Amino acid sequence: MGVFAYVAKRFGLYLAVLFIGLTITFLLPRFLPINPVDGYIGQIQSRANGTLTPEAIAEMRVNLEQLYGLEGDIFTQYLAYLKRVVIDFDFGPSFTYYPAEVSTMITTALPWTLGLLLTATIIAWLLGNMVGLVAGYFHKKRAASILEFVGILLYPIPYYILAVSVLLLLAYIFPIFPLSPTFPVGEMTWPKVGMIIYNSLLPAITLVLAGFGWNILSMKALAVATTEEPYVTYARLKGTSNWTRMTRYVFRNALLPQVTALALSLGMIFNGALLTEIIFSYPGIGLIMRTAATGGDYNVLYGAITLSILAVATAGLVIDLIYPLLDPRIRHK
Amino acid sequence: MVRLGRTLAASVLGALMSTTAFAQTMTDVGTPRSETLIVQTFDGRAANPSAQNPMNSYAIWRGFRELGWSWLWEMDTATGQSYPELAAGPVEVLNDEQTKFRVTLREGVYWSDGVEFTADDVIYSLETYLKYRSQLGRVAVVANFVKSWTKVDDYTFEVETNRPSYDFQTVMGVYTWGSQFVIVPKHIFEPLGDEVVTFQNTNAVTLGPYKIKEFDPNGSWQLWELREDWERSGWGNLGEPKPKFVLYKDFGAEETRALAFVQNQYDVDTFMSPDSIDAAKARNPNVESFSPTFPYHDMNDACSYGVYINLQREPYDKPEVRWALALALNMQQVGISSMSGQFKAGALPLADTPITNPLYYAPLQSWLEELTLEDGYKPYNTNFATELNDALASQGVDATQLPTGDAIEQGFGMGWWKHDPAQAAKLLESVGMTKGADGFFTREDGSPWVIEFVIPGDWNKVIQRIGFSIADSWRQAGFNINTRQVDNGEWTTVQNTNSRNELMINWAQSCTYNSNWQNSWRQFAESYVLPPDSTDALVGNFMRVTDQRIFDIVTDSAQLPTDDPQFLENGRSIAKYLVEDMQMINLMNIPTTIPTNKTYWTNFPKQDNFYAAPYTWWSSFKQTVVNIEPTGQQ
Chain D
1 MGVFAYVAKR FGLYLAVLFI GLTITFLLPR FLPINPVDGY IGQIQSRANG
51 TLTPEAIAEM RVNLEQLYGL EGDIFTQYLA YLKRVVIDFD FGPSFTYYPA
101 EVSTMITTAL PWTLGLLLTA TIIAWLLGNM VGLVAGYFHK KRAASILEFV
151 GILLYPIPYY ILAVSVLLLL AYIFPIFPLS PTFPVGEMTW PKVGMIIYNS
201 LLPAITLVLA GFGWNILSMK ALAVATTEEP YVTYARLKGT SNWTRMTRYV
251 FRNALLPQVT ALALSLGMIF NGALLTEIIF SYPGIGLIMR TAATGGDYNV
301 LYGAITLSIL AVATAGLVID LIYPLLDPRI RHK
Chain G
1 MVRLGRTLAA SVLGALMSTT AFAQTMTDVG TPRSETLIVQ TFDGRAANPS
51 AQNPMNSYAI WRGFRELGWS WLWEMDTATG QSYPELAAGP VEVLNDEQTK
101 FRVTLREGVY WSDGVEFTAD DVIYSLETYL KYRSQLGRVA VVANFVKSWT
151 KVDDYTFEVE TNRPSYDFQT VMGVYTWGSQ FVIVPKHIFE PLGDEVVTFQ
201 NTNAVTLGPY KIKEFDPNGS WQLWELREDW ERSGWGNLGE PKPKFVLYKD
251 FGAEETRALA FVQNQYDVDT FMSPDSIDAA KARNPNVESF SPTFPYHDMN
301 DACSYGVYIN LQREPYDKPE VRWALALALN MQQVGISSMS GQFKAGALPL
351 ADTPITNPLY YAPLQSWLEE LTLEDGYKPY NTNFATELND ALASQGVDAT
401 QLPTGDAIEQ GFGMGWWKHD PAQAAKLLES VGMTKGADGF FTREDGSPWV
451 IEFVIPGDWN KVIQRIGFSI ADSWRQAGFN INTRQVDNGE WTTVQNTNSR
501 NELMINWAQS CTYNSNWQNS WRQFAESYVL PPDSTDALVG NFMRVTDQRI
551 FDIVTDSAQL PTDDPQFLEN GRSIAKYLVE DMQMINLMNI PTTIPTNKTY
601 WTNFPKQDNF YAAPYTWWSS FKQTVVNIEP TGQQ
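First to last, the protein sequences are chains D and G.
Quick note, the first sequence lines up with residues 1 to 333 if you use the numbering used here.
Quick note, the second sequence lines up with residues 1 to 634 if you use the numbering used here.
Bear in mind the hints are in silico, worked out from the structure with no lab data behind them.
Given the structure is predicted, the values throughout are model-derived calculations rather than measurements.
Backbone N, C-alpha and C fix where the C-beta goes; we use that ideal spot for every residue, glycine too.
Where hints are given, some of them may not hold.
[What the hints assert, rightly or not] Pairs of lysine to any residue, SDA-like flavour, derived with a Cα cap of 25 Å:
#1 K192/D with E214/G
#2 K281/G with S165/D
#3 K461/G with Y159/D
#4 K318/G with V450/G
#5 K213/G with V193/D
#6 K192/D with S50/G
#7 K598/G with D43/G
#8 K213/G with E187/D
#9 K576/G with P561/G
#10 K83/D with G72/D
#11 K186/G with G72/D
#12 K151/G with E116/G
#13 K281/G with P178/D
#14 K131/G with E65/D
#15 K192/D with T25/G
#16 K186/G with N237/G
#17 K435/G with S469/G
#18 K83/D with T53/D
#19 K213/G with P184/D
#20 K83/D with T198/G
#21 K281/G with L168/D
#22 K244/G with F610/G
#23 K213/G with K281/G
#24 K100/G with T118/G
[Claimed, not checked] Pair ranges (Cβ atoms, derived):
#25 Q200/G with G115/D: 53 to 59 Å
#26 S573/G with T53/D: 21 to 27 Å
#27 L27/D with G436/G: 49 to 55 Å
#28 N63/D with T202/G: 22 to 28 Å
#29 W190/D with T202/G: 25 to 31 Å
#30 R84/D with P561/G: 51 to 57 Å
[Stated by the list, open to error] Listing some non-contacts, in silico: residues in chain D with all C-beta distances to chain G over 10 Å:
#31 F19
#32 E59
#33 A80
#34 F89
#35 W112
#36 L153
#37 I205
#38 W214
#39 R248
Using the sequences and the hints given, assemble the complete structure.
See the structure below:
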């Protein structure tokens, strides 16, 4: 297979994934036991102390359906949705927070989520892999067992328990970090940047600790297996140094599954945001997604999930495309 | 040299100490802590903090209705009496039909940007409400209420309503937590033309004595600053607001909040579970609950918790079944296991507050005591409060923490239903429902009877715990309960489409704050009833009441003043009909668990100092703001 065919095939698959993802995104909210228009009318009626007549409510229903693009049968709505999302990349207004635009809501929240989770995920990946590599390569030494123990200790702790423990330790017993941060507003200055970093450190440490353990264990297992490979033995017999064997022979070959895992975890950052944001009062897209899910806010759900699908699918595509560069066993032809 | 060194060291230390003594603690938002009142936001973080147009969905819980907006009339939540705020006095009624009214405004009131507030602002607001009624999300009440308006002069206007309106002051003013009629500044909105329907109104120009200083675009906090000209604001005549700054902030999950509260990071919480409050009190003596003795919490919310039953659905359409559910419920056990005994029971379908008690509960107490079911059984237990008090004492609760004398009834309620599973079984057997081999009651035809019981998920931990306790109590009595937790968003849907629902905990149609019961029970009307098998959304009457006697009373009462003795008597009759047939099982007043921290501010509203409802998310919070005092803590 030539390079062009290889890339075209992967790209075609990517588009298919996006299409299926968007279709499921459209359908899923409609399976929720929530009708946003009914919910909205219910709230208004409740506020109105029951003074709205059935006729007034019928009129309101028509207006709301027009406003939110819920007119017509489901196929008509689907076509309109695809047109809006694919061609205009427009998710319309939020149902719950009309007239706020979904794109504005996401744009405000996304940098926070990405800034924290992206950094923490990469740091956890780098640290975990380095520790796991050393623990795996020197797996017969006592120190390696200690390193592995760190992974075994951290990996099974549920994220919530870990987060609350860290919070208790570093914000309450030793109040080094704030329990509930206040992020500055207004024009960005260096002191403000410093404050944001300081306020983000506690959730970042927790995220690193939570992701760190798995990376240690998986890299260690891969490194142990790779160390036993004949080409590593051959390299040892040739007299190469430990450092060379560990980095150039073991690490490179054990790296591939870890890169895949990293790419997928980067794509899943959107989903991981919620708990962090709740526990650490951290701003981001998690809260928006939760509000949207509980309020049947179709448009916001479309926006957030579409971005998530885009991120996961793109990460998969990038991995597919760079694999041949990383793994000498894979070639375009 | 040594002496010199000591002298220098002492001087430096002294300077440091004196600096510390005068050092001002600052808040995270750069205001002096001693001048800042900090409260936990009611709804956590807002997803739309920049939306501040009160005619649409907006970030309502950031202090707008408490500090920012101002109303024609406000409610004194200690007495249930409406009083003028922007209006110069009570509304003037112009015709016998109670459809035409004249309102005179207070002169000398100014918007936060220095422009004078006049009748033109009111007229513009009314015009906009009506003109864009189908596009603006929060104008329905007023748009449906008002028919026409006329400006008389800069400080006087007249309004005609669509229906006789004996409650004009509370519809156009405040009934409980805020007004539906938020007046907007004409000079800001009018130039926008049709764009008012999408206008965000960020950094809103307001009428209250506070103006927005800053807010977090991510929705965690909003800071209000006292206007220099607060005396000429919408409620500047109420007195001087004590805090220079009020910060609404979300301190996160309850675990984090409790820790931050112990560290004096804020002054007033919202709903916090009794366990967390106990833990915080144990670690910080400045943390206080509403009352120093049981049941500790404020019980004066306008609404009460109750079990709503789909009255149109078999077998719940039978009063015997509903009574069986009520009598099988061990309310003492439920209250102790879910609320540690910190609750106030109420048998009537509304809350038992200092305002509603003399109007409804006290007059109907003897009726409740004499109430008799068809088989001659008297279901009411007058001694419920005393028995609960004794049960708590026997469980080792410190005697000093328990009420005595009249306070027992005031604390735990005037009575509730007997816990009598045998009588419940008898009632069920009378309609052909018997216990099966599995120990659970069956339907009439002998098929399994599984009751679906809907309760909130995590979003309301207090009521969630009550729900599970109720299910447990019923299960013990032989009812096969399937408890279904629903998220906040699904809650409204379940309520609105309860044709699929059987039983749910709810409070929607019990909210009665004073003599005017219409706000909740107006929805008991034929027009709101759907066929039993309809799955269409209900838009009122979520209990599916079909009692014609109640419908007639509701219709007739619309022609009566809400403080008329007959109007009140009609309300009591509705309560009687609902109770006689057990059309809903009222449980308890909503226990509003609002601990305060007196490190920086004192004189919060408490049981023995009840000058206002203690809620920071009701507009009556303005009473708190003018009554609290700084402690001097820096």
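How the hints compare with the structure:
1. K192/D with E214/G: 15 Å, holds
2. K281/G with S165/D: Satisfied, since the Cα-Cα distance of roughly 21 Å is no more than 25 Å.
3. K461/G with Y159/D: 21 Å, holds
4. K318/G with V450/G: It holds: about 16 Å lies between the C-alpha atoms, which stays within 25 Å.
5. K213/G with V193/D: Distance ~21 Å between K213/G and V193/D Cα, so the pair holds.
6. K192/D with S50/G: 21 Å, holds
7. K598/G with D43/G: 23 Å, holds
8. K213/G with E187/D: 15 Å, holds
9. K576/G with P561/G: Cα-Cα ~21 Å, so holds.
10. K83/D with G72/D: The given pair, whose Cα atoms are some 15 Å apart, holds under the 25 Å limit.
11. K186/G with G72/D: Status violated; Cα separation ~38 Å.
12. K151/G with E116/G: 16 Å, holds
13. K281/G with P178/D: 21 Å, holds
14. K131/G with E65/D: 19 Å, holds
15. K192/D with T25/G: 19 Å, holds
16. K186/G with N237/G: 23 Å, holds
17. K435/G with S469/G: 22 Å, holds
18. K83/D with T53/D: Violated, because 36 Å separates the two Cα atoms, which is more than 25 Å.
19. K213/G with P184/D: Holds. K213/G to P184/D sits at ~13 Å (cutoff 25 Å).
20. K83/D with T198/G: With a Cα-Cα distance of about 23 Å, the restraint between K83/D and T198/G holds, given a limit of 25 Å.
21. K281/G with L168/D: 18 Å, holds
22. K244/G with F610/G: Measuring from Cα to Cα gives roughly 23 Å; hence the hint holds.
23. K213/G with K281/G: 32 Å, violated
24. K100/G with T118/G: 20 Å, holds
25. Q200/G with G115/D: 53 to 59 Å: 25 Å, violated
26. S573/G with T53/D: 21 to 27 Å: 25 Å, holds
27. L27/D with G436/G: 49 to 55 Å: For L27/D and G436/G the Cβ distance comes to about 41 Å; the hint is violated.
28. N63/D with T202/G: 22 to 28 Å: 25 Å, holds
29. W190/D with T202/G: 25 to 31 Å: 27 Å, holds
30. R84/D with P561/G: 51 to 57 Å: The hinted range 51 to 57 Å holds for R84/D and P561/G, with Cβ atoms some 53 Å apart.
31. F19: Holds, because the least Cβ-Cβ distance between F19/D and chain G comes to about 28 Å, which exceeds 10 Å.
32. E59: At about 6 Å from chain G, E59/D fails to clear the 10 Å cut-off, so the statement is violated.
33. A80: 20 Å, holds
34. F89: Answer for F89/D: holds, closest chain G Cβ roughly 20 Å.
35. W112: Non-interface label on W112/D violated, nearest chain G Cβ at 7 Å vs cutoff 10 Å.
36. L153: Given that every Cβ of chain G is farther than 10 Å from that of L153/D, nearest at about 23 Å, it holds.
37. I205: Correct as stated: the minimum Cβ-Cβ distance to chain G is 16 Å, above 10 Å.
38. W214: 24 Å, holds
39. R248: 46 Å, holds
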